[in-house]
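Let the sequences and hints guide you as you build the complete structure.
Protein chains: 4
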Amino acid sequence: MPDGIPQADEGWTVAGRRFRSRLVVGTGRYKDLEETARAIEASGAEMVTVAVRRVNLSDSSAPMLQDYVPPDRYTYLPNTAGCHTAQDAVRTLRLAREAGGWNLVKLEVLGPPPFLYPDMRATLEAAEALIKDGFEVMVYCADDPVAAKRLEEMGCVAIMPLGAPIGSGMGVVNPYMIKAIKAQAKVPVLVDAGIGTASDAALAMELGCDAVLLNSAIAHASDPVRMAVAMKHAVIAGREAFLAGRMNRDYRADASSPTAGLIR
Amino acid sequence: MPDGIPQADEGWTVAGRRFRSRLVVGTGRYKDLEETARAIEASGAEMVTVAVRRVNLSDSSAPMLQDYVPPDRYTYLPNTAGCHTAQDAVRTLRLAREAGGWNLVKLEVLGPPPFLYPDMRATLEAAEALIKDGFEVMVYCADDPVAAKRLEEMGCVAIMPLGAPIGSGMGVVNPYMIKAIKAQAKVPVLVDAGIGTASDAALAMELGCDAVLLNSAIAHASDPVRMAVAMKHAVIAGREAFLAGRMNRDYRADASSPTAGLIR
Amino acid sequence: MPDGIPQADEGWTVAGRRFRSRLVVGTGRYKDLEETARAIEASGAEMVTVAVRRVNLSDSSAPMLQDYVPPDRYTYLPNTAGCHTAQDAVRTLRLAREAGGWNLVKLEVLGPPPFLYPDMRATLEAAEALIKDGFEVMVYCADDPVAAKRLEEMGCVAIMPLGAPIGSGMGVVNPYMIKAIKAQAKVPVLVDAGIGTASDAALAMELGCDAVLLNSAIAHASDPVRMAVAMKHAVIAGREAFLAGRMNRDYRADASSPTAGLIR
Amino acid sequence: MPDGIPQADEGWTVAGRRFRSRLVVGTGRYKDLEETARAIEASGAEMVTVAVRRVNLSDSSAPMLQDYVPPDRYTYLPNTAGCHTAQDAVRTLRLAREAGGWNLVKLEVLGPPPFLYPDMRATLEAAEALIKDGFEVMVYCADDPVAAKRLEEMGCVAIMPLGAPIGSGMGVVNPYMIKAIKAQAKVPVLVDAGIGTASDAALAMELGCDAVLLNSAIAHASDPVRMAVAMKHAVIAGREAFLAGRMNRDYRADASSPTAGLIR
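Chains as they are written, first to last, in UniProt numbering: chain Z, 1 to 264; chain E, 1 to 264; chain B, 1 to 264; chain V, 1 to 264.
Hints in this document: simulated from the structure, not taken from any laboratory.
One or more hints might be untrue.
Note that identical chains are pooled: a pair holds if it fits in a single copy or bridges any two copies.
[Said to hold, decoys possible] Simulated crosslink set (SDA-like; lysine to any residue; CA at most 20 Å straight-line):
{"id": "1", "residue 1": "179", "residue 2": "129"}
{"id": "2", "residue 1": "179", "residue 2": "249"}
{"id": "3", "residue 1": "186", "residue 2": "100"}
{"id": "4", "residue 1": "182", "residue 2": "250"}
See the structure below:
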């Protein structure tokens, strides 16, 4: 019955690169690099994001991420975690490019604690400088459709609004704005940050997003490898549900539909 | 790294029968029996519920469900859809047992339209009669922990509270009561009814339920086979997330956690 | 501009008695009877519910509720808090009637801890016995539209579904079922239990309910008298909003409406 | 019992002006100026915001707002509705100041339709120019705690994050970020936009906000004057509930508390 089998999801493309997995995962907050490697493998992710100011990528006398998460197998996406100014973020990614040749990057510039919320003014400034400098910028941003559109028009290759602040595990608090951002975007939209568990990731995908980026949800689970498995399935579930077109909601149930003769 | 691979979920057991799939699906509301068959196969379900008053199970001069959904491959769970009194429900299942030998059954007795909500008084009455009569009763019920406990003590083999009324697609409206029912139950608990999309099914499983039963979410999707695939993954995702133990929620994000030197 | 002033809300009627205030409050859980009195006065309530098994209504050698909350000013509504069987509930209210002449009563029969959830089977049984015995029964019940209708048909004078379990402060968890219960009812519907703060009470009224019954939300606030003031206004706010007819929700905001020349 | 009566709420202060009412209302979207006047009076508001580009404030040959909403009784807060650039907003408010002497203003600069969402870059730019020019700026902004802090540090006299986009009636979609903005602010915080009904306004106040600004919720209700009454009470209810300190939420209800001997 070939017509009964849905076409396999062909994945998504960012900056000319195609990925089958719609899950992008972080590499930090794990117990050790072995756990990092096992969880990432279990997640099925093909792209991993790396905090270049926090992870050892170059000192071969100490354990290096590359020994556990091979760069020939995973697309490395260097990020600017820990940067609180545009200048810092730009400098960090230039150093990363010099060291590893990475051109596709994740920009995040956060405001001051305690809320790990993006500083959108600094983010716009850094995005402009990085794009001018030839980087392909995937950008972490507020769930603000006006700023998201500006980042896209500036040349960012992916827009990555938060579901909730980094590390909060609150889920997708404002699904309306994620939908608004997706509705107007011509580049991929990823929910980045806030995902706490599998149903959050599925919901993000049901909103029509191209992919989900998460870290703490896996790394801070009691069993990170198992949660990685959960997230792998959650993202597929959400994508397939989006493509399938969900039933209508109606709390009066089948009040108005004919039921006679129907099988339930 | 064998210790890094989570033990495969071993599935769940009801009335002495083991199932690997934690998804139970209905057989009605589809365009035709071919679509029914394709969607059920795609869902990975091993148990299917059948409205014995609405589906042709015995007239071999017309298309029969068994020709499309083979009973030697799927566990048939006859249900009492369309019954509005205890007497009707009991009679319906007795006839089904005589016809097909089915002993494991799903009891549902609904109140009057428009709300396809269980009539709990009639449900309790019917459950009592059916159990006395030797049936193994999986019971659709309100999200009422007192009635759920009573049904269990009476001998029901599975408790199946609604997430929302049948056919409403509203999701799990009251997760607290589903958790309450699960917390006190010694028999399997399934969310039955209300599931509208993949994230709803994942959430039901994250609450600790043993399985999910749904029909309209698949049959009324624009592409039922694709939604069946979504649900298959959603239930796995939710179960694995439950077993993995989710991170804590904290909207202040990492305010209080040390960040110096951490990889993010 | 007399046509500009909305008609004052005329209140609601139960068992032939008219009340202007749509707030009914409990009399327990306070620090002492003085605080009870002050909070009730501040709430503007005209009807108070009294746990006859827990409060001193007859031993004049000890502080009596009547000395603080005068029965000639407030309608006393004896309730069956602490009763876990129909027999207990019926006996309790008979004793109350003998002692105080109270005929209008609140029936609640709870299941076992930890969930202070109504035992609907026992509630139905007790309601039947009490009505036969001439009581006017306002009944605490699950948010179950089938049971609610049955209680009304049996002769209960008010249907009082929970917003959430007693003492939980979770608010109105399932607004759909409260609306469903109200939509079909010909007697007053009150949300009873679950209210945690003012917006919960306003929401309950916006669903179309006739009144709200609460206790812990006031008694367990840091400043009970102040919360009583809050609740007084919340119930008016919610009722007026219901009568006013709210604007439509549309997350795309004014996308489709003409804006040229409009004052905003 | 004077100690039993809570201190009356003393209101809030912005730019040195004290207001007892914590409700600020718009003057547009009504059927006519008579309805505008009646609704505003019913709301109890003391401050009204006026779209200077849309309402007639100067042509005395046509009906003028001032004839219906007397400026000696209400504080006029000119706003920049309809402005989509910083330049436009600044020019509009300069003209308003010349015409009416208004120095306390509401700045809003929106992005393009269909989402009437603030353009935060333009808002920051306009705020800077206006403050330099001597205006006292109350600023409509995204629910972005980093931008909100920047606006405060720049000298804005009140921070007014959206609950949801203008005219959407979606309520306070992200209460976490409103709380975050309030937690760090030393100037008044008002929820501005998104309020759809009374419980939304109460919730905004329960989050600790100083006041609420709304327009469509009243003007687009079926009975605007009645909804104005609702909002008046809702804001008081929410404020009093905030000051009272709400009970804890616990879905297990009184599971762990001693109940023996307690009055309920």
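* To do: Just pull the numbers of the violated hints for me, sorted ascending.
  => Numbers 1, 3, in rising order.
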